[in-house]
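Residue numbers (the numbering used here): 226 to 389.
The hints are simulated quantities; they were obtained by calculation from the structure and are not laboratory data. Mixed in with the good hints there might be a few duds.
In silico DSBU-like links for lysine-lysine, alpha-carbon gap of 30 Å or less [claimed, not checked]: (1) K346 with K382; (2) K284 with K300; (3) K346 with K257; (4) K245 with K258; (5) K293 with K307; (6) K384 with K253; (7) K368 with K357; (8) K257 with K358; (9) K346 with K253; (10) K357 with K293; (11) K257 with K382; (12) K384 with K245; (13) K305 with K346; (14) K253 with K240; (15) K258 with K384; (16) K346 with K303; (17) K246 with K368; (18) K252 with K357; (19) K252 with K384; (20) K293 with K305.
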Amino acid sequence: MQDRIDELPQLAKDKHIENKKFFAKLKKRPPKKLDQIMQDLHDQEFGETDCLQCANCCKTTGPLFTDKDVVRISKFLKIKPKRFEEQYLRTDEDNDLVLQQTPCTFLGVDNYCGIYEVRPKACREYPHTDRKKFQQITNITLKNVAICPAAYAIVEKMKARLTL
226 MQDRIDELPQ LAKDKHIENK KFFAKLKKRP PKKLDQIMQD LHDQEFGETD CLQCANCCKT
286 TGPLFTDKDV VRISKFLKIK PKRFEEQYLR TDEDNDLVLQ QTPCTFLGVD NYCGIYEVRP
346 KACREYPHTD RKKFQQITNI TLKNVAICPA AYAIVEKMKA RLTL
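Sequences are here, hints too, so could you generate the full structure?
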């Protein structure tokens, strides 16, 4: 798995222009059943992919934290929301709450998440390949294919399946 993770940024870079053109066409004329197609591709890929073997998202990127995430996680950790923010989060250039550091503070050496039951919404939804109106988040997907082997595979299968 590590070899695949290591080669992923270059694979994504090699496919970037192709993917960008494909997504531009997808935005202009999304297929009627795009949401169902994406759900099927997502379910198929994650039926074969074990995120615990990878955790590259947790090692290289940080999620955005909503106010609800902060309240839920701080309650789980039995600390005040303000303390949680001071200890683990920072405000980025877009004024979003993000982790102070990567890899994620809550990621264990075994790739298990210490706050999995209450993890941020962004983590629960990652890599967002099963979102409704997928064509609206293609910019995020262009970034995620360089991080997540499953997202990369889903996009490649989507391009093979859809003729735009």
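Checked hints:
1. K346 with K382: holds (26 Å)
2. K284 with K300: holds (24 Å)
3. K346 with K257: holds (27 Å)
4. K245 with K258: Holds, at roughly 21 Å.
5. K293 with K307: holds (13 Å)
6. K384 with K253: holds (15 Å)
7. K368 with K357: With a Cα-Cα distance of about 18 Å, the restraint between K368 and K357 holds, given a limit of 30 Å.
8. K257 with K358: holds (10 Å)
9. K346 with K253: Holds, at about 28 Å.
10. K357 with K293: Since the Cα atoms of K357 and K293 sit roughly 22 Å apart, the hinted pair holds (cutoff 30 Å).
11. K257 with K382: Answer holds: K257 to K382 is near 18 Å, not above 30 Å.
12. K384 with K245: holds (11 Å)
13. K305 with K346: Holds. K305 to K346 sits at ~19 Å (cutoff 30 Å).
14. K253 with K240: holds (20 Å)
15. K258 with K384: holds (15 Å)
16. K346 with K303: holds (19 Å)
17. K246 with K368: holds (15 Å)
18. K252 with K357: This hinted pair holds, its Cα atoms lying about 13 Å apart.
19. K252 with K384: holds (14 Å)
20. K293 with K305: holds (13 Å)
Checked against the numbered hints above, the structure violates none of them.
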